[in-house]
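Number of protein chains: 2
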Amino acid sequence: MSFSITILGSSSAKPTANRHPSAQAVNIHEQYYLVDAGEGVQQQLIRYGINPLKLRAVFISHLHGDHVFGLFPLLSTLGLYGRRTALTVYAPAPFGELLDCHLRYFDSDLPYPVLWHEVHTTQHELLLENRTLEVWSVPLRHRVPCAGFLFREKEPPLNIDKFQIAKYGLSIAQITAAKRGEPVALDTGEVLPNEVLTYRPYAPRSYAYLSDTNYSAKAAGLCSGVDLMYHEATYAASEQRLAADRGHSTSADAAKAALRAGARRLVIGHYSSRYKDEGQLVEEARQLFPATDAAVEGRRFTIEKTTAAQKQAIER
Amino acid sequence: MSFSITILGSSSAKPTANRHPSAQAVNIHEQYYLVDAGEGVQQQLIRYGINPLKLRAVFISHLHGDHVFGLFPLLSTLGLYGRRTALTVYAPAPFGELLDCHLRYFDSDLPYPVLWHEVHTTQHELLLENRTLEVWSVPLRHRVPCAGFLFREKEPPLNIDKFQIAKYGLSIAQITAAKRGEPVALDTGEVLPNEVLTYRPYAPRSYAYLSDTNYSAKAAGLCSGVDLMYHEATYAASEQRLAADRGHSTSADAAKAALRAGARRLVIGHYSSRYKDEGQLVEEARQLFPATDAAVEGRRFTIEKTTAAQKQAIER
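From first to last, the protein sequence lines stand for chains A and B.
Whatever position you read off the first sequence (first residue = 1), add 6 for the numbering used here.
Whatever position you read off the second sequence (first residue = 1), add 6 for the numbering used here.
Just chain A, with the same shape it has in the complex:
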């Protein structure tokens, strides 16, 4: 039941010798999702031990090259690897046209379908839902249509309290009903409310990816209570004007978004190539939001399970 994020790219538009453009792998219950796909992402996946064939879907925040140029080589290589299952790419328009260009010139015989699911970047909408997960779009403020992504784990299945099974001598049928969330009627006629018999093993976890963007109180608000927020911090706090003009954020903006959301932890990245070392940016963010870490390629951020009670205690 893992929930972790592996940083595959940490640079802004101009890569450096040591920093690749934006990309992350999100692992939720051993289902892998790629978030943005900067150049070189297929090699980064291999370097950090993630089999590219395991990708279940791809989320592209916006159509600037540093967030998408690595997708097309990856699509080609997945074909060489023999992928057969469809791959859905969640991206703003006109991604479909780009994809058509790529397929026409490079992959007219790709052995699996690539499906495009359009992301409407002005809306907070449910993009993907399965048994364990919901992924929502989060409108961002950039120079071109751009959306963040909010990964929300669903409530885990109820666990049954073994002490209560023994106490009431519950049958298999009664246990099954309790696990479904139902109250249980005893032979005595007494009805036990479900919450007496069951408990949630842990609180659902969540991750927000917010890049590229100016500070947006609205976006932060949509990520209320998130366990881990990634927020771009292209520039130092002193470059507020430049950041605003370019549709980007400073280290202080990122911290402000985490504060506003009531996030538990913050990771910053998308560093301008002018910062050889991201230490300054992290220190600045920590002044406002101490639980800040740096996106460093290969670093994995794991969101540990906590019970609902623990989570409430932490948030108090």
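Hint data in this document are derived by calculation from the structure and do not stem from the laboratory.
Virtual Cβ for every residue (Gly too), placed ideally from N, Cα, C.
Take the hints with a grain of salt, since some may be wrong.
[Said to hold, decoys possible] Output of the computed footprint for chain A on chain B, the stretches with three or more beta carbons under 8 Å from beta carbons of chain A:
#, region
1, 14-21
2, 44-50
3, 72-79
4, 92-104
[Unchecked claim] Computed list of lysine to any residue pairs in SDA-like fashion (alpha-carbon distance at most 25 Å, straight line):
#, chain 1, residue 1, chain 2, residue 2
5, B, LYS282, A, GLY102
6, B, LYS317, B, ARG158
7, B, LYS20, A, GLY55
Please build the complex by placing chain B on the supplied structure of chain A, with the hints as guidance.
The following block gives chain B in isolation, referenced to the frame of chain A:
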């Protein structure tokens, strides 16, 4: 008056954690030319100390993704760097259409023009000529239209023999005429043939890039006497059948091409991802052609100057 080749990529279509797809930087008299542009080439240039702004032209052998996916991100980044001078890309059709797609969706406001010069892959034709260099196409045998590139340094300017200046008391005008290659008439009426007064400081150097291809005696023949040949060796000698079917070469094919051309040195590359270590491929090639080296990323192959007499002695 440098003449060197820096290996930027050494893998075939599936990159590995340590090998990038095909790309090389050719430095001729501090003019840089990019030959193929696999994914990640912009970062590889930076890693190995080559300023991407210095590129004078790009040569693309064929339109398989592993030879061209790195070009588009590079074009974008050159725009961010503020390049203003035109960049010509020599590539087979329909490269122009690909370029149009890229420019339309990613770089509609690129601050420099990208020009396409079509390479006719069935012809051995002069693609580029300047004061010091000629670049010729070399038809190759691959699954799609594909050309190699032959870089031929022009004859260097004549040097004047200082001993003869003193001996005959030559004037500035007479020296200038001799440097232009003319015979010189002395005041005595005697006419000195130019070769008495001048010499070529070194023999013109040459480099052939042959990838991707089956073994081609014709291509090798067009590179006759080349100083350095790069030839793909995707597979080991035992995989002759597979190589033939896929439009690729084995280590032995590469050696055969170097022998056939009478090359002085051979570099092999474009290794299949099945070979974790290229040692086997190099050893096999060396059995036929001892002066074989491995393409390893970051390795620079310098073609040293030799006088025409030295070159003849070596070739004897």
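Problem - Non-conforming hints, listed in increasing numerical order - result: 5
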